[in-house]
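So the mapping is simple: the numbering used here equals the position in the sequence shown, first residue as 1, plus 58.
Heads up, simulated DSSO-like pairs for lysine-lysine below, C-alpha to C-alpha not over 27 Å straight-line:
1) K501 - K517
2) K476 - K386
3) K323 - K149
4) K587 - K501
5) K587 - K557
6) K559 - K517
7) K124 - K322
8) K148 - K322
9) K149 - K322
10) K323 - K123
11) K261 - K123
12) K670 - K749
13) K361 - K106
14) K277 - K145
15) K322 - K145
16) K648 - K665
17) K646 - K670
18) K557 - K501
19) K665 - K655
20) K701 - K749
21) K501 - K561
22) K94 - K106
23) K557 - K517
24) K559 - K587
25) K517 - K561
26) K392 - K483
27) K730 - K766
28) K501 - K559
29) K361 - K94
30) K246 - K145
31) K726 - K831
32) K726 - K766
33) K145 - K323
Quick caveat, the hints were computed from the structure, so don't treat them as lab data. The model shown is predicted, which means the values in this text are computed figures rather than measured ones.
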Amino acid sequence: MLDIKLKNSSDRKGAGLYVSVVLLSILAAFIVLLYKPIAENAKVFIEKEKEEKQEQLNEFSESEKKEFLNKLFQGTYVLKWDLDRQKNNKKLDASGVFLENSDTVNSDTELYGTPQEDANINASEDFKDYTEEEYEDSMNMESFKQDFANLMDDWSYEFYYNTLSAYALEYYGVDNQSGQIISNTGTKLNAFLDSENMAEEIKKIQEDYYFYAVINFDKDGNVTIPYFHGIMGDNPNAYLAQNLTQQMVERNWGNPAWYASRVKKPSDMSVIYAVRSEEALSNANTWQYSYLMEQLNNNAYGKAGGAYLFAAAMIIIVLLGFLLPLIKPLRIGKGIEASIPIEICLIGFSITVAFYSEIFLPLINETVWGDLFELNANNILGTNAARGVSYVFNILIWLVILFVWFTGVLSIRELFIKGPVRYVKENSFIGRFLNWIIREVRKLIRYATSFDMSKKDNKKLLLLLGCNMLLLIVFCMFWYVGIFAVIIYTGVLLYQIKKRKDKIASDYQVILAAASSISEGELDISIEKDLGVFNSLRDELMEVQTGFRRAVLEETKSQKMKTELITNVSHDLKTPLTAIITYIDLLKDKNISEEQKESYVETLDRKALRLKLLIEDLFEMSKAASNTITIHPIEMDLTALIKQVHFEMSDRITAAEIDFRVRMPEDKVIVKLDSDKAYRIFENLLNNMCKYAQRGSRAYLDLEIHDKQTVITLRNISREELNFTGDEIVERFVRGDKARNSEGSGLGLAIAKSFTGLQNGTFTVTTDGDLFKVVIVFPLVKNISEAITEVE
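Take these sequences, add in the hints, and give me the full structure.
Below, the structure written as structure tokens:
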């Protein structure tokens, strides 16, 4: 019945999952089918967006061109610096080239220390006669030199490692005084400097290059630009608008115009810049333009229905998440989805929101108008097949997103079922972590405060004091706030100590009451309560109670056995003794015949022999019980001993009409036993079998070897009903018939068990209906293979 219920529950859960997946798949397919109408509608919005943002696009284009001219302005200073270094064949510092009143310095030595170090040196030597205002200006100038050197290092790195590659910029620079040249191109850009003789070369350059500019500096730094083409309406004034003042503003220098005036302009040089294509000129900022256009398209697709579709899908999922679990046979929301942590749900929601802004809207455009995986472009699939793959991919993507939403809604639904507190505890990583922290702190507190009074708990005492010290140290770190914290902490500590003291007093009363009950003889009490520091005392008290109970039971059993012993011994001794007295009286009659005398004497002999055997058994049992029997163990073959007993008892077995079957190994089984006592064990067992086994039945004796042990099993069917347990039947003076009508002393099994125990063996009797079974186990000295090895 339970299996059927479990199967039905599993089937319903599977049905709920199937229904959920089907509904989500239908919704995903419906969403993808709406791609085409949204894409068609987006065309109108894209045109509107372009019109609205045309001014922004124009401004962006202008800013790109201004940024390019700014890079050329910076590059001109860098080229001037490099030309001077080549001309002087020295590693000149930039401040020595461009700053007024600065000597050129060989950079093989360190150019500058920190501004403060430079200030200290200058203050002690060069500026000792300055006024305070002049001294401050000098200090600022020294700092400015260091900052300008850093600025030129930045410009040089930017020019050579970014600007040239970003714009595919070619340059040609020449020092007009020395004729020193610096260039990165093999094109003869210097043709612009000799327009009369190289007109053809200039014309060719103008045809090959989209942008070119020639900038000449006279010895005073005045600028002329004879050629400027490609941007800003071919107006050279766009370049002339660049200046150092803005650079100083960006470096956060006060009075930037004054500092800019301290910098020498490039002089007595010409620089030619050229870019071959318009694409190369705009490559540096293409990604910014692309990003702007992507925003424009996303806005258009969002207004065309993408945003509404996304929102509608979320609303439908929320409704499904709250309504489907109401259909109880589906068992939706009863599994792992109900315990998903809220953090995972929030991550899933965040990812799907990012999916909308970053992927969803461009995906519509690419799916409807493009080749999403370029399957058709690469001739892998035809147009329709490639589009089909794109749509299937979109359905799968949406199915995953909808499933994330759906499971998240099912998890959040538990907030209304469990309540805020329980929901945070069970459905959040933070709650679970806090619960774990609380559990561990409680364990630590229980460990630190659960002193075992029977042991030294110095470690726990040190732990408590150490924690207390750490808390006090932390409180002391907060000064006055810490004082209030210490006051609160002391109050909490007082409450906890009082609570602990009351518990100890209560636990002590429980122990005291239990001890009083035990002392009054009540031995059935039990203490299950956790008694804290008294737990060890409680355990010891319960052990004492168990020991008392065991002693009382043993004493009761002993008294009962003594009573039964006296009764049984009296009965078993009185019966043959009475018969002997009776027959002696009969023999005193002189009128009896000789035949009667012989019969009486035979009966007397039999009864006297029975009395003798009974007394001998009683003496042997007494010796065994008091451990006064001397055992002489020797290594012997157990199979030979059992065969001997069987042979000598064969007549009695035959007379008892029992089919007795013995199964033993053919090889020797060597054990260390006292041969006489071992013989008596098996003799008693076979005698017992002959007395009480059902006539005409089969009996078995099996000898087997298991794990270095010899196991002897004897089984037979009892003639009388077995109303004894296995333990009761081996007690002294217990026979197979409670009426005690059969012969025997009732000591046979008891003697056999005692002799077995004295020889390190075990003797077990079990009964099952009328089946009587004895199992004897002795340690094995040598197994068969060891015996064969020893002989060899």
